[in-house]
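Undergrad: Read off the chains here:
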Amino acid sequence: MLNTLSVLEFKSSTFFAPILILFNKDIAAIEQALQEKINLAPEFFRDSPLIVDLRELNKQNQDVDFVQITEILRKIGFFPVGIRGGNEQQNKQAHSLSIPIDTVREQGSPIIIGETHKQENIKQSPSQPEVTTAKEPIRPAAIPPVSAAATLITHPIRSGQRIYAAGDLIIMSQVSAGAEIMAEGNIHVYNTLRGRALAGVHGNTAVRIFCFDLQAELISIAGDYKTSEDLNKQMYKKPVQIYLQDHALIIKEIA
Amino acid sequence: MARIIVVTSGKGGVGKTTTSAAIAMGLAKKGHKTAVIDFDVGLRNLDLILGCERRVVYDFINVINGEASINQALIRDKNCNLLYILPASQTRDKDALTQEGVGKVLEELSKEFAYIVCDSPAGIEKGANLALYFADDAFVVTNPEISSVRDSDRMLGILSSKSRRAERNEEPIKEYLLLTRYDSDRVRSGEMLSLDDVQEILSLDLLGIIPESKSVLSASNAGIPVILDEKSEAGQAYTDVVARYLGEKRPHRFIDGKQGFLRRLFGGRK
Ligand SMILES: Nc1ncnc2c1ncn2[C@@H]1O[C@H](COP(=O)(O)OP(=O)(O)O)[C@@H](O)[C@H]1O
Ligand SMILES: [Mg+2]
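These protein sequence lines map, in sequence, to chains A and B. With the first letter of the first sequence counted as 1, position 176 gets the number 376 in the working numbering; the numbers rise by one all the way through. With the first letter of the second sequence counted as 1, position 234 gets the number 1234 in the working numbering; the numbers rise by one all the way through.
Here chain A stands alone, though its shape is the one from the complex (with noise of 0.2 Å):
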């Protein structure tokens, strides 16, 4: 898996994150369950990234809308990073919501450009699978493998490095002033952003920018953007949200 072009390089390295595994299909009973879990941990699950699990439910052959889970997990706080297990209709879901699909890894895309010269080599670490105890109905265990339309970057970018990524952009460290992180698809910054993050550079005006801490110096969905100096000053230090709604960025606090 290492390519040895000198002008970028894949390096692979583990990435844990909770899996949720989900045996029963009724959205409001998950709804609760979770919120109870969240009750006993609340530090823990905090805007925690997850991989969604549904083997279980399509054995049984219950067929659940991933479009649906998404959207309670994110209205809960979670940060749907993965899905598994999913049968053709919820992997396409997953697909347009550009959410990692454990299948086989397609081959290409993540894309990673060193700073400024040729020579740069930034790592980059698509996630191997592990597995570790845990209770039910999270499980504690590795983040599959992430597909190839995401990159995941689990160190920091510091001032003067440049990231790029094909797809989806998913980012697990800090973000420095004076760094640039850019994507076609969306970006996730699982940590503080203070440097520039532009999502949708080839014009996809769907795409969404999220991170933990919002400090950023500019940031950009398919071009259209806010510097630090636009940027409202409540949503400073903020986990957000950034969207784009009639040609305006909208940014909202993920509550």
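To be clear, the hints were calculated from the coordinates, so they are not data collected in a lab. Where a beta carbon is used, it is the ideal one built from N, C-alpha and C, also for glycine. Each statement offered as a hint is correct.
Just some of the chain A residues that point at chain B, by a computed CB distance under 8 Å:
#, residue
1, H355
2, Q374
3, S376
Just the calculated beta-carbon pair ranges, DEER-fashion:
#, chain 1, residue 1, chain 2, residue 2, range
4, B, S1147, A, I450, 31 to 41 Å
5, A, Q262, B, S1147, 50 to 60 Å
6, B, L1246, A, I227, 52 to 62 Å
7, B, E1125, A, I227, 56 to 66 Å
8, A, D247, B, N1071, 54 to 64 Å
9, B, E1107, A, V207, 19 to 29 Å
10, A, T427, B, E1125, 25 to 35 Å
11, B, D1197, A, V267, 36 to 46 Å
12, A, F223, B, D1183, 55 to 65 Å
13, A, D424, B, L1217, 52 to 62 Å
14, B, D1197, A, L240, 30 to 40 Å
Put chain B with the ligands on the given structure of chain A with help from the hints.
TA: The following block gives chain B with the ligands in isolation, referenced to the frame of chain A:
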């Protein structure tokens, strides 16, 4: 095999050379055979701080060019016989430093020495990049001010992408923060960033805080690394840094003048 340490910062005048001399001496004093190399071609001053400027015959570039052997160029320190200095050239062109040449010198030194400390020049140009290229560990020297922090962040990006370890897909360079010229009064009055401010931006393993101290200047005037001045706070702080680097757990001091307060604040922190 030697462990190669680069002392780097991006910004100039933050205390890299002071730190290089101090930690090289500290490691040697702990019984490790240590070499310290001045990468600052044209602005050499490591030899001044170590008080050996009048014994320089050959320099780093002479060795790279094959005009002298390493043993001819290395200067043994007058205070500690496990410490050796490889001075920079004051007269040569910076372009004389090549990756291949530096690599050969480091490889040869690695056979004999336990630690090699590379004193990086300022900037993000060739000299600084070569000083860090072969490193195993990086001491990122930062002053509690925003421009220094920003430059350190930039340096960290280069460390993680342009080093030999990065190019070879090896375990990344271990990065440590050294906060130097820390003036508690000016931090308290808000003129300078606090440790927490700095860590919020860099989030690195903190190796130590070196207080702003007059003893640093008098030590460098005397040509004796400040770590040998056991009475000075800066000297003690560098001694702690070396001990922590070698794996000892020591509470951080000199952050507020009052050690009790300090311990309360950082006792539980690594
Ligand atoms: N802890 C300190 N307290 C007071 N002065 C310091 C301290 N550290 C460094 N200095 C002073 O700062 C100046 C720059 O230090 P130096 O080590 O040469 O920095 P660099 O190598 O990063 O350019 C020197 O005059 C030195 O005496
Ligand atoms: Mg210097």
